[in-house]
Amino acid sequence: MNFDLIIVDDDAEYIFFHKLLAKKSGLSEDPLTFSSGQEVIDHLSSIIDQDINNTLIFLDIYMQDVDGWGVLDYLESVNRHDKIKVILITSSVSMDDKRKAIQYQSVIEYIEKPLMMNYLINLKSQSIF
Amino acid sequence: MSEKNRIKESILKHKILIVDDQLPNIILLENILNLTGFNEILSTTDSTTALEKIETHKPDILLLDLMMPEVTGFDILAELEKTTESRDFMPVLVLTADTNPKSKEKALKLGASDFLTKPFDISEVSLRIQNLLTTKYLMDQLKNQNDHLEDLVKIRTEQLQTAKEEAERNEKKYRLLFDANLDDINLFYIDESGPSNFIETNPASEAVLGYTKEELLKLSISDIDTGMVDNEYFQEKLQKLLEKGSLEFETIIRKKNGELRNMEVKANVFELEGKTAVLNIYRDITDRIKFIEAILKQNRAFKEIAWIQSHVVRAPLARMMGVIHLLTDMDDLENKDPELYKFIKMILDSAFELDQIIREISEKTAEAQKNQDL
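Here the protein sequences come in this chain order: A and B.
Residues in the first sequence are numbered from 0 upward in steps of one, following numbering that gives the first Met the number 0.
Residues in the second sequence are numbered from 0 upward in steps of one, following numbering that gives the first Met the number 0.
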């Protein structure tokens, strides 16, 4: 695939699960993983000034300290929506959260857990970037 | 036509009765009277029938000779004197040849209005009669007016009585509204310097404020409304009240026993006996406020539950569902081990069912919380 995959979730088991799905579906061989919003922000800010690859982020919303909203706010400020896109993958089923998520330019999808294999397979055939 | 002429015209129509035992006297008098313009003249020489004729004929004036046989002029005067109250005023002009002052005195005492001495002076007769009739005319007018006034007074008195009864009925109604009301209703005067003591309260004031009416008449809202410690509070409320005529607000009052209660206040301003007065209604809403606070607390709890439902509980469930689903996809399990596949499907379906339930609970909580957003 023509993009890097980053998986952000504070639950280690979800990281394991999503990593497995990504590999099995063929979406990404070796995704980067982070367990907090702060970690992924730190990572991104370290590479943002360079010529970065297309990046897709599977982002969980509810995490300790800096949560998904915090990461999205950061991405808004960075404003590289051509290069960095986000799919929110959350256990929340609240309509309010969904509505809030759509407002962010970087968000291309909002998925309620569990992530399914079929979805990732379909995603492969779409041109995200 | 002048008043004088009108009166003269009127009296010429008056009825005259002449009683004299001497026919020539009667004829003479009748002639004089006709010349003056009087036409309604009745006369008799028989003094015994005089009283009867007065009764039936009801003359406006009586010309009465004194010296008559059998029944004299004095006798007739004495009789008339007895019934004078029950009759309209009838002047009696006494005719006499007797110049003795004693006779004149006696006649006047017996009720004669005037007298003429024989021989008659023609103009004197005419003038005296006219004067007496004018007097009678005026007396009659006066009596009519008095009767009329009496009638008016009677009607007015009846009207006042009806109005009084209606006022009493209304007072009973309004007093009932006032006394039976469960809210404390009170009245006091007001000006820029502040409120006066209460001038009226209803029985509910004892239940609501703890004070009896006697006690309240010595107090004002300054002693009851805890907001009154701040002078701006009073000025601000007064200004709004005068602007709009009425005001609703909430405050905390101190009851007689020191207990603080939340009150809903409704105030109306109006004029009473030339002064500005306020009708004040206190409704105890302390319990209502407690309920509201309990609901708000419950609301916050709902919010927390909705949060927990929608996220915390779902996380492990979604994990389960994801992994189980992966299992079913694996290595053509459906064909290799249909029974195992079946079991795994059952677990997966149960997990989905559970997920559905959690979503419903989450939705309901969110809805309930929205409806109660106060």
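Hint data in this document are derived by calculation from the structure and do not stem from the laboratory.
Be a bit skeptical, because a hint or two may be false.
Stretch-level coverage of chain A by chain B, calculated; a stretch enters the list once three of its residues show a Cβ under 8 Å from a Cβ in chain B [what the hints assert, rightly or not]:
1. 29-42
2. 84-95
Partial pick of chain A residues on the chain B-facing surface, computed with a CB cut under 10 Å [unchecked claim]:
3. E12
4. F16
5. H17
6. L19
7. L20
8. I60
9. Y61
Beta carbons are placed, not taken as given, at the ideal position from N, Cα and C, and that holds for glycine.
Quick check: which numbered hints come out false for this structure? Of the numbered hints, just 1 does not hold.
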